[in-house]
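Asker: Below are the chains, spelled out letter by letter.
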Amino acid sequence: MLEVKGLSTSFYQDEVEVKAVNDVSLSVASGESLGVVGESGSGKSTLALSLLRLIYPPGKIVSGEVLFDGQDLLKLSEPEMIKVRGARISMIFQDPFTSLNPVFTVGYQIAEAIALHQGANRKQAWSKAVEMLETVRIPHPALRIRDYPHQFSGGMRQRVMIAMALACRPEILIADEPTTALDVTIQAEILKLLKDLQKELKLSIIYITHNFGIVKQMCERAVVMHLGKVVEEGRIQEIMDNPREAYTKSLIDSLKVLNDRS
Amino acid sequence: MRKMTNNKLQMTNVGIFIILIMVVAAIFAPMIAPYDPSEIVEDNTLAPSIKHLFGTDDLGRDIFSRALYGARISLTVGLVAVTIAVLIGTLFGAIAGYYGGLVDSAIMRSVDVMLAFPSIFLILAIQVMLTPNIYNVMIVIGLTSWMGVARLVRGEFLRIRELQYVEAARAIGASDLRIIFRHILPNAMAPIIVAGTLGMAGAILTESALSFLGLGVQPPMPSWGNMLMDSQAYMRDAPWMAIIPGILILLAVLSLYFVGEGLRERLDVRG
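Line by line, the protein sequences are chains A and B. The numbering of the first sequence is this note's numbering, which starts it at 1 and goes up by one. The numbering of the second sequence is this note's numbering, which starts it at 1 and goes up by one.
You can trust all of the hints, since none of them are fake.
On the chain A side, residues computed to face chain B include the following (Cβ under 7 Å):
no.	residue
1	Leu54
2	Met91
3	Phe93
4	Asn101
5	Val103
6	Ala113
The hints are simulated quantities; they were obtained by calculation from the structure and are not laboratory data. Here the structure is a predicted model, which is why all the values come from computation and not from measurement. Glycine included, every Cβ here is placed at the ideal spot set by N, Cα and C.
Pulled out of the complex, with its shape left as it was, chain B reads as follows (with noise of 0.2 Å):
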């Protein structure tokens, strides 16, 4: 384990903090709440004051609730997004790290084949063509954003089945899945973790961008990304509208990054 520098170690923690704030505010979002989040409760493009403290929207909802509400979303969609993104990867690159030769060549080509599309294009035309609605984007997200994963997944299988720990496991009579799930992955997992949360900050990114389009999350389910769009038409006469999703999107994204960067320094993973 290495020592973090004070200043990284600090932004890692108010990362962990901000984190943990959305998490139980989008755990708790019914409890606090002041309103219902699709519910037009007030006239329309309110300024922030104490009865809405991030003001009301377009059609007069409010939006302290409905950023609360967002978060749910917005933080399920990475969540789930990332978790099957993680899962893919690990699973095409546990393979192709430890066959090696052929199948190795097979999945790392399709792998290059996948990055090669613009993915945020490839999502939408394949947004466009399905529903848009939240479980979708998930799975879209999650399909689309494997790659990066089963890269650094391979890498480690690569170093870790040269191990002397992997053939000893070998002389005393264990299986090749075996030696995958239970004697190399669990080896493998650091840089995993590390590529999860980095992973989860560009799903949520991608989720707000897909709702901000229209073909993500819709109306009238709140998500930071649909909060954006709505706002679009009112940048002038109510910032507010489009000031909180996006420092909340902001928000969220950079501390993730900076507790990835801060797993990354702590398990010591290189690259």
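In isolation and in its complexed conformation, chain A is listed as follows (with noise of 0.2 Å):
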């Protein structure tokens, strides 16, 4: 369903060039799973801003194709771009801590996604929110949805973005690092919540993440990807058992470091 091919995009600083995408190709099925696996700076996150043209000045999308049922997102105008985002593809980030507007309540930011793209008035937006809010299983909807997001713990504040993002039923949800932030219980179950969504929804995810443990708990397929390339791809059970590269095994011996002293 979308598929990306030769896609570059590069920082410009006092006229020198930093490829921070350099040439990636994937694709991503309806339904399915992905996992983009690398260290920071490795330009995974850069990656997932440019399928959804989210790069800004000095950043620059090269060249490439982001196919979405076979248009290019990238020959889009931005008033065309501006309906994709959040209605078709939808993002979450690494911080649940500043991902909310800290001067709405979560209501409010939840119907104006859904406001925005369906035209639905202030009424049907906020019922809509309130299942939501009810979708991410979060307690009490109808009551906490008139809160501010400081009224909401980091997990809690997570599951107001997937609401809100998922809010207008996209296809495809790219997230980014969405647990990194958060401690291990609540790391779970916001992967587990994910886990569930998907299939309730028939959502296709790309899953961005360092940590090749929540790849495995959650992605069918990954690549990985180093310095801006992707040097690797495949299952994610054969590029565990046997990685290509020694990047890949790099990455995947951190894991076990960790699991071994826990």
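Assembling the complex is the task here: the two chains are given apart, and the hints tell you how they should meet.
Answerer: Next comes the structure, spelled out in structure tokens:
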């Protein structure tokens, strides 16, 4: 359903070009979840933002195609792209503490996403927002919807983010390290929620992380990124059993070290 | 929210109290004022007495009544001028801070040019060309005092636009305009409110200075500034003519500064 061909995104500073994403190709089928694994600075977040065309100066998408249902997103005009963001492809972010606007209630923020794309009136959007809070398993949704972000814990905020991102029933969700800022028990809950929602809503998920353990749990397939390039691609089990690249092996080994210690 | 020191809290409360009294006095001036502000009611330059609380001026008009109506003018000019300045400054600052790059440079360099003029001379020059009346005073003060707000708002936008909730708003398909006004601006309100309050004090001072020089609010309409102007020749014989409007201007400006500083602490605004 989503096919990325030869995508390159660069940042320019003082005339020097830094290739954050370099000739990356990958594909995600409908209902599938794909892991994108790599260390900090490997270009995985830039890749995610490039898919939604959220790259701003000094960054620039240099070349490539992002084919979504056969249409190249990079060729759409900005108003057309706005209709894709949130409605058909959505994204959740790493830090749930800063990704909600502190001056609005969570209900307002979820309803906004709905109103933006479905032209629903305030009341319809609001009741749909309540539904979404229920979908992401927040207790007492009708009450909590009037609360402000600071009244929620980190895990709950990430659930609100998920509700916001999924409010318009997108086909693809890009999850950029959604559990990195959370502690391990909350992490497990959020991962389970994402997995359940994926089945319920027939969602494709692009799961960006540095943690092979999470990818193994969440995804069937994965690509490994290093210095902006895809260095390895395949079924997660095969990659983990038999990594071809030394870099992949070191990522997997780092996980083992952690496991052995704990 | 930070806790204010007792002393500062008291100053702020005193400021709010004085401003409130002035606002109420201004609104209800026709009911409170014992005389018509531009009518000659008595002998000239009478000292303050029970009959004329603040005395009478060189033409025999009641200064208390004139001060009440003057409050209307001075406070209105301050409020309208600062509103104009805040609107313009916010708009330019928001655009400069949000879009950055060339747009930012163009706007901020214009701000630098505007700031390079000593504003009182700029205002005087413009006022000489226009007919000096109360509307022109408000507009001219507004048009020459938005630069500080623009800088402030630009700074806030530069900071806030990098925050993740702005990126999240983009990711759900919010347009630039929506992000600027619905998502970033409400988060930048605190420093704007503080700057507006302090700016109003400045605008009142500027209006007084202009009226004092005869290029602001025109007689017989009373403003604190032109009441001061009227007093010039009578400093020795009727010092209350100068002292009363002088103290009122001082009180209004000082109170607004106290309120502004209090808000700054309360809203946790730096700088």
